[in-house]
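Put together the whole structure using the sequences plus the hints.
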Amino acid sequence: MGAAPLVMSGATKRFGAFTAVKALSFDVPQGQIVGFLGPNGAGKSTSLRMALGVMQPDEGSVALFGRAPDISNLRHVGFLPEERGLYKKMSARDTITYFARLKGMSAADAKARANELLEATGLGAFKATRISKLSKGMAQKVQILSTLAHRPDFLILDEPFSGLDPMNQQTLEDLIRAEHKRGATILFSTHVMEHAERLCDRIVMLARGRKVFDGSLDAAYATLGQGARMAVEHGFDLAAVMRPKGFEAHRAADKGPGDSWRVEFPSGLGAQDALRAALEAGAPILGFQPEEARLRDVFVSLVGEAEAAALDAPASVTEVEAA
Amino acid sequence: MRNIYLIFRRDFLGYVKAWGFWLSLAAVPLFIIIGGSFGYFAASSSPVRYYAVVEPSGVISEAIDAEFARSEARAAEETAALAADMQVDVSSAQVAAATPRKFIQVAPPARTIEDLRPYLLGEKTVAGPDGDKPLFAVFLLTEDGGALQYWSTDVNVTMLHYAAETAMRDLGRRDALLAAGLSADFLKKVDEAALPVTAFRLRSEAEPETGGSEVTMADRAPAIVAGALAYFLWLMVFSIIQYLLMGTIEERSNKIFDTLLTSVKLPELLAGKLLAVFAVTSTMMLSWSVFAAAGSAFAASQSPALMDMVAPFVAAATNPGLIIPALISFMLGYVLYGAIFMALGSLCDTIQEAQTLLSPMMILLMLPMFAIFIAFQDPGSPIIDYASWFPLFTPFLLILRIPQDPPLWEILAQMGLMAITTALIVWGATKVYRAGAVHGAGIGDLGGMIKAAIGLKPKTA
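Line by line, the protein sequences are chains A and B. Quick note: the first sequence, position 131, residue 1570 per the numbering used here, numbers continuous. Quick note: the second sequence, position 104, residue 112 per the numbering used here, numbers continuous.
I should point out that these hints are in silico values taken from the structure, not numbers from a laboratory. Note that the structure is predicted; figures quoted are calculated from it, not measured. Cβ atoms here follow ideal geometry from the backbone N, Cα and C, with glycine treated the same way. The reader is advised that the hints may include incorrect statements.
To be verified - What follows is a list of derived Cβ distance ranges for each label pair: (1) 27/B to 1574/A: 17 to 27 Å; (2) 1448/A to 26/B: 15 to 25 Å; (3) 1506/A to 357/B: 32 to 42 Å; (4) 370/B to 1616/A: 20 to 30 Å; (5) 1451/A to 297/B: 51 to 61 Å; (6) 32/B to 1574/A: 25 to 35 Å; (7) 1568/A to 297/B: 29 to 39 Å; (8) 1522/A to 301/B: 43 to 53 Å; (9) 1616/A to 357/B: 36 to 46 Å; (10) 1451/A to 370/B: 36 to 46 Å; (11) 17/B to 1509/A: 20 to 30 Å; (12) 1571/A to 398/B: 36 to 46 Å.
Okay, structure coming up:
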């Protein structure tokens, strides 16, 4: 397993006249947690299905552990699809055992592993319970455990947090960290940027089927111009006093007493420098709030507010597909 | 192979763990036992009923009574003969004594229907061998003697009415024969004097004439076994429609295909599923067959005559010349139809949608059934020869034609054609299944897929 778990090169997928993914290139290096971000309909699921060989790209190529995806290299992959589903009449333990066996585990090992995972996640009492009798959250947990059971080297999780309550989201985050610690490489898609901020070493952002960013979190934040919000007494021209000190200030929407301004930091200067400059210029400061960089802001800056609004759209929006 | 086995095992256990499977399995033997017992208990528990005949001479009442006596004697003789076959020592008189008559003639308590009404309605009773009872029915000869009226409050029990009709027909026939100066058993003698027509089969010189040239059950058994096998295949294909449709819909609605297809190859998935459904229907039919075979074996052990009847069928069913091509046709036919139904099932999202597919599927399946009917009537018919070249019919008709010794090249050519067609169908079905299961294509997309496959429309995806 020397090769990178995943390399996509110029992968394009069309459904009729609709291009779902356009010339997508990125790679997932060994041992990293990579977030695959974008709003619903951006082409994330289609890209992941191409990565797994479930769909073939119309153009470009996909390499999983150095070669085209097939059943032998897929044995090292655990995949959690966006659209969850299990056999409703199977028990939790049988479900995990079945999927682990399909990935090559022996019957005895798969059963032992299923017991171990169910006990570890607090589902031990529901081993023999049919999936149809479990709560939605429990069933989702069982599906996630089915994905992990064979100890894959590479985990591909498509919107793993969707449908989980905050407590189970935290459990899943812990599980992802534990898998990463075990040595697994992880690629997960999400339209909720906060999960990526907490978990990822790297992110790949997608909008309308095209890659708009690929790099580390720091590199993502660096794409944003840093700045701060400053409120001054009504009528004071902050821009005029800040410009000689090397800062640009623009009027912003008022959010409190006085006039609100956004002060942009030039390269090498930060919030302390801006505040000091304003005080030295005698600005009647009523409030000061350095901006905290968020991935959502990065996405907005890259694709615009209208596109970013789709991040908040319901997760049920599905991509248009045709045979 | 391991993945095929795992898919097969899960699907098979999924089916056999369902209550419906065990109900279906138990239903056939249970219904046979219940049906048989019901008939026996209905016969033995029916009450003794009185009837009266109002006529001046007593000829009619004697004739009806004689008809009951005749039918009882006939039934007793048949039972005694069967008992003798089973080496049970019982005489017809003992059988007759053990089965008391259910309709007993009593003297009429009145002569008109008005006066008999209270007896028929149960307001009054008449004395008889089984105690005092109301009358069940009354026969009244009309004043001119031209008709015999049957009166009863229960029109559903028709046995007495039919017995009277038979008695009157025999009486009329006897009177007519006597009037013509002939004896009463003249017609019986005429029947016995007819020349017997014996069927012989001209055998080729190479064919052994172990049983002589006369046509026996051994000659007819291969055609009957082939017919049963063709019908069994048809029944099997008919039975799997529901399993394949519902099973695939469950997986499609459960969104489970993506997970499966990252673990197994699509052909492995299809093979495992087809095998599972085959095993489920086979288990059911084999269980019924074992039940039937056990019943037959028990009956045969009791009666050597039954053993003689079964032997030619066993010989035909174990003849490699018949059974090997028949089994190959059977397997190819099963895969061919199974792949079609599974592919169609993968295009359905709901049971309602699948139900709309059932009608065309039934029509598709009725076509070979018609061909089977024609082949039963006349297996050598040119229509069957021509129809057996049509791949959808070949699995059934080739099985039926084999006992007719068609030329070897025809058997091989039809098997080859069937194998090629099955391979093409499986290839196409895999494509359709992938489109349905992976890409979410529906029934409405099927036309487009076929057009794309034959190059009428550029492929869009």
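Evaluated hints:
1. 27/B to 1574/A: 17 to 27 Å: holds, 25 Å
2. 1448/A to 26/B: 15 to 25 Å: Distance hint for residue 1448/A, residue 26/B is violated at roughly 47 Å.
3. 1506/A to 357/B: 32 to 42 Å: 35 Å Cβ-Cβ, so the 32 to 42 Å window holds.
4. 370/B to 1616/A: 20 to 30 Å: Given range 20 to 30 Å: violated, Cβ gap about 56 Å.
5. 1451/A to 297/B: 51 to 61 Å: Holds, since residue 1451/A and residue 297/B (Cβ atoms, about 56 Å apart) stay within the stated range.
6. 32/B to 1574/A: 25 to 35 Å: Given about 33 Å between the Cβ atoms, the range holds.
7. 1568/A to 297/B: 29 to 39 Å: Holds - the Cβ-Cβ distance for residue 1568/A and residue 297/B, about 38 Å, lies within 29 to 39 Å.
8. 1522/A to 301/B: 43 to 53 Å: Since residue 1522/A and residue 301/B have Cβ atoms about 48 Å apart, the given range 43 to 53 Å holds.
9. 1616/A to 357/B: 36 to 46 Å: At roughly 38 Å between Cβ atoms, residue 357/B and residue 1616/A fall inside 36 to 46 Å, so the hint holds.
10. 1451/A to 370/B: 36 to 46 Å: holds, 44 Å
11. 17/B to 1509/A: 20 to 30 Å: holds, 23 Å
12. 1571/A to 398/B: 36 to 46 Å: holds, 45 Å
Checked against the numbered hints above, the structure violates hints 2, 4; every other hint is satisfied.
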